[in-house]
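K.L.:
Construct the complete structure from the given sequences, taking the supplied hints into account.
What follows is each chain in one-letter form.
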Amino acid sequence: MTWTRDLSMLFATLFGFWVLLNGSLAADVLLVGLITALIITLLFRNSLAVVSELRMTPRALMTTLGYVFFFARELVKSNLNLARIVLSPALPLNPGIVKVRTRLKSRMGRLLLANSITLTPGTLTVDIDGEWLYIHWVTVDSADIEVATAAIVSGFEEYLEVMYG
Amino acid sequence: MIKRAIALLLLLAVGALFASLLAGYVPDSELNQTARYYAERTAGDIGAANIVTAIVVTYRGLDTLGEVTVLFITAAIVGLVLAQGQPALPHTPRQLRPPVGELLTTGSRMLTPLILLLGVYVFVNGHLTPGGGFQGGAIIASGMLLLLLADPLKHFSHQLISVLESLSGLLFVGIGVLGVLFASGFLDNRLLPIGNLGELFSAGVIPVIYSLIGLKVGAEFSSMLANLSEIDKTDKTEET
Amino acid sequence: MAEFFVSESLIYLAAILIGLAFLLALFRFLKGPSTADRVVAFDVLTIIGITAIALLALLEGRGIYLDVALVYALLSFLGVIVIARYLERGL
Amino acid sequence: MMASLLSVIGGVLLVAGAAFLLLGGLGLVRMPDVFNRIQAGTKATTLGTLLSLAGIACLQPAWTLKLALIGLFILFTNPLSSQVLARAAHRAGADKSPLTAVDLLAKDQLADDPKGDRA
Amino acid sequence: MISLAQMAMATGFILILIGFYGALTQRNLLRMIVAFSIADAGVNIVIVAIGHMRGRTAPIIDAAVPVADAVARVIDPVPQALVLTAIVIGVGVTALMLAYALKLHERKRTLDIARFTELKW
Amino acid sequence: MMSMSPLITGITVLLCVTMLGAAVVAIRAKAMPIAILAAGLVSLVASILFLVLASPDVAMTEAAIGSGLTTFLFFFVLARIRAAGHDDAEMDADSPDGGKNDGVRT
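Protein chains in written order, with this note's numbering: chain P, 1 to 165; chain X, 1 to 240; chain Z, 1 to 91; chain G, 1 to 119; chain U, 1 to 121; chain A, 1 to 106.
Treat the hints as calculated values from the structure; they're not laboratory data.
All values derive from a computational prediction rather than experimental measurement.
Keep in mind that the hints are not guaranteed to be accurate.
Restraint-style ranges between C-beta atoms, simulated for each label pair [claimed, not checked]:
1. Z/V6 - G/T64: 14 to 24 Å
2. A/A83 - X/T69: 31 to 41 Å
3. P/L87 - X/R36: 53 to 63 Å
Don't be surprised by glycine CBs; every beta carbon is placed ideally from N, CA and C.
P.N.:
In structure tokens form, the structure reads like this:
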């Protein structure tokens with residue numbers, strides 16, 4: 001049953017993307033979009049959409065909303081942090097690559113986690129190997145795995161775990 | 001050294017020519033006769049909002065047919081040149097190559113369908129937006145490239161690509177011939193009603209022709225990329 | 001008319017800032033030192049280019065220019081990935 | 001009145017976005033090594049572009065959909081390409097700044113294959 | 001006052017010259033192809049600049065440019081159609097050159113143009 | 001929409017200077033990937049210039065084909081030549097150690 005859900009999710013994503021692109025709900029646009037999305041869905045059956053592994057429970061949807069706000073706040077915070085570093089004449093850096101672990105199993109969830117980490121204060125995902133993430137950190141507080149995980153990953157993981165599992 | 005001096009001398013001559021051209025250039029303030037005709041008549045005659053598209057597909061449609069043919073020949077020659085002669089280069093064994101990485105794999109599986117859809121959007125809306133078959137074809141080829149990068153063992157189905165290419169080429173010419181039979185000339189777009197300006201189903205057969213061009217160009221560029229990348233036929237037989 | 005003037009001068013200011021950002025990234029592109037540095041600069045230049053295109057669309061009042069920005073966004077991504085795979089010898 | 005207020009907000013957002021882009025450029029020039037440059041580049045340009053697009057959407061409300069689409073696309077692709085590039089730079093053995101405190105990735109890779117010729 | 005078109009045209013001409021200089025003086029085949037592609041871009045810029053007219057906009061009819069104003073507001077579309085073709089053919093030619101360069105390198109294990117002496121007279 | 005012609009002129013000057021600089025880098029760079037990247041930058045900036053010259057069709061074509069596909073083709077070919085174990089592609093034909101001090105050991 002899961003593959004029908006995946007396919008319909010992919011189809012819905014593609015169709016939504018098409019409508020957004022065209023910015024119109026005219027009958028001809030919808031018709032062409034329907035055909036195109038159907039063909040691409042059938043050609044790329046094993047592809048993923050952003051929402052394909054998202055749990056469709058009300059709680060997950062609420063968490064998604066919370067995640068978006070949390071992410072936006074973190075993004076602004078990270079830029080202010082960056083501004084502080086770049087604009088100060090001394091360039092207060094203590095860079096290094098640390099290792100953290102994640103509990104997320106779903107691929108989409110891990111991708112979103114890595115992307116979120118890259119866009120949040122002072123961290124950049126360099127590599128991912130199973131459950132281990134290697135993070136470049138501009139100001140390394142501690143190279144210890146547990147401490148780094150608590151500082152970098154757990155904020156997003158709480159949301160993403162509910163959303164994707 | 002003497003070669004460099006000759007090159008500089010030649011460049012100096014060409015540069016002087018360019019400078020005189022530039023000095024004598026007077027910008028037009030009015031459209032010339034041809035451009036005026038196109039600007040005035042496109043909306044009424046062709047029904048396409050994008051005048052450049054109208055020129056490329058209908059007014060000078062025969063040139064575009066030639067262009068697509070040239071591109072086809074180029075792709076074929078690239079394939080032929082690379083396939084003939086000695087066996088291919090000794091490749092870096094796959095085991096020594098770094099693996100693709102989970103992030104890129106997941107990301108490409110998520111993005112490839114969207115990129116293909118963007119390509120389709122670009123060529124279907126060729127008569128309304130700055131897009132068109134060539135741009136859309138290039139975007140589709142880029143999507144295939146992403147697929148190829150993320151999963152180097154994945155083979156392009158050369159057969160599917162060549163079938164798609166020939167089929168869209170045939171249909172392109174077929175629509176042109178139908179224009180002779182049922183409208184007023186080869187590649188005439190008034191085979192279908194020209195509709196209202198600015199709608200998706202307007203400008204007669206222009207969206208259809210541009211979609212066919214897009215598919216054909218996308219297939220050609222994809223096969224060019226597949227031929228020039230390392231993942232070619234000889235490699236595959238080694239793998240399997 | 002006063003508000004119009006305000007937003008117009010704000011657009012001017014934004015364009016000048018974007019130009020400065022472009023110059024800084026260009027400096028990094030020209031200076032290097034390594035290929036990876038130049039690729040980063042290339043990426044940043046492309047993304048500044050997207051903003052510049054959106055700004056041009058605003059200045060000219062033509063919404064259709066935004067399609068070009070969409071293609072640009074796609075290209076910046078693909079170009080960086082191709083070069084990255086080249087650098088790690090995975091191409 | 002409403003429209004003019006919106007246009008002023010749009011202008012301010014646009015300038016803020018441009019300022020973040022400038023910050024990204026500055027970070028690109030000032031940071032000492034590739035990884036820090038990627039950090040500065042990707043964060044500042046993502047937020048800067050998003051803010052600029054939002055500002056333009058305020059100035060021209062009819063374009064909101066397409067601008068939102070461009071923003072979404074950038075939000076997904078930009079960090080992804082940065083990560084791929086960072087990984088490639090690390091594998092290719094890019095010079096790290098002397099300030100670098102720890103590099104657990106290099107350590108783990110050395111442990112994986114002792115000859116250390118992965119790059 | 002120099003117009004946009006003249007500025008762009010001058011840049012295009014200089015790009016053509018830079019590209020030709022590179023193509024004539026480089027000895028590495030790939031570098032010659034890079035130089036050719038720069039000259040290609042220069043030619044395209046020159047042709048588009050010829051079609052540009054001050055104060056006019058793109059030849060696409062939409063809400064911003066209604067049909068009635070088209071003649072007074074749009075620029076010359078013909079050079080754009082030409083350049084569209086030229087760019088597509090340009091990448092085809094580049095791909096062809098690259099394929100030959102690859103094949104030549106396979107034969108001789110070098111990209112140095114001076115080593116290819118079979119047809120030298 | 002507004003009287004923005006000085007701004008547009010400034011943008012054009014910036015774009016033209018960038019293109020010339022990138023073209024010179026493309027001709028003179030020691031390492032081959034940098035030359036290709038610089039040529040890609042020329043195309044990319046050219047496509048913004050096309051947009052300034054009111055030709056969005058050409059701008060999109062140049063962005064997708066001139067800057068995108070051409071660069072990809074170059075890198076594919078470069079990777080194949082490098083895979084043949086011959087580092088000729090990396091350096092200048094007439095300077096034996098060109099491209100060696102490149103930071104990233106490609």
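K.L.:
With reference to the structure, classify each hint as holding or not holding.
P.N.:
Tested hints:
At about 22 Å, the CB distance of Z/V6 to G/T64 agrees with the hint of 14 to 24 Å. A hinted range of 31 to 41 Å for the beta carbons of A/A83 and X/T69 is consistent with their spacing of about 33 Å. The supplied range of 53 to 63 Å is met by P/L87 and X/R36, whose beta-carbon atoms lie about 55 Å from each other.
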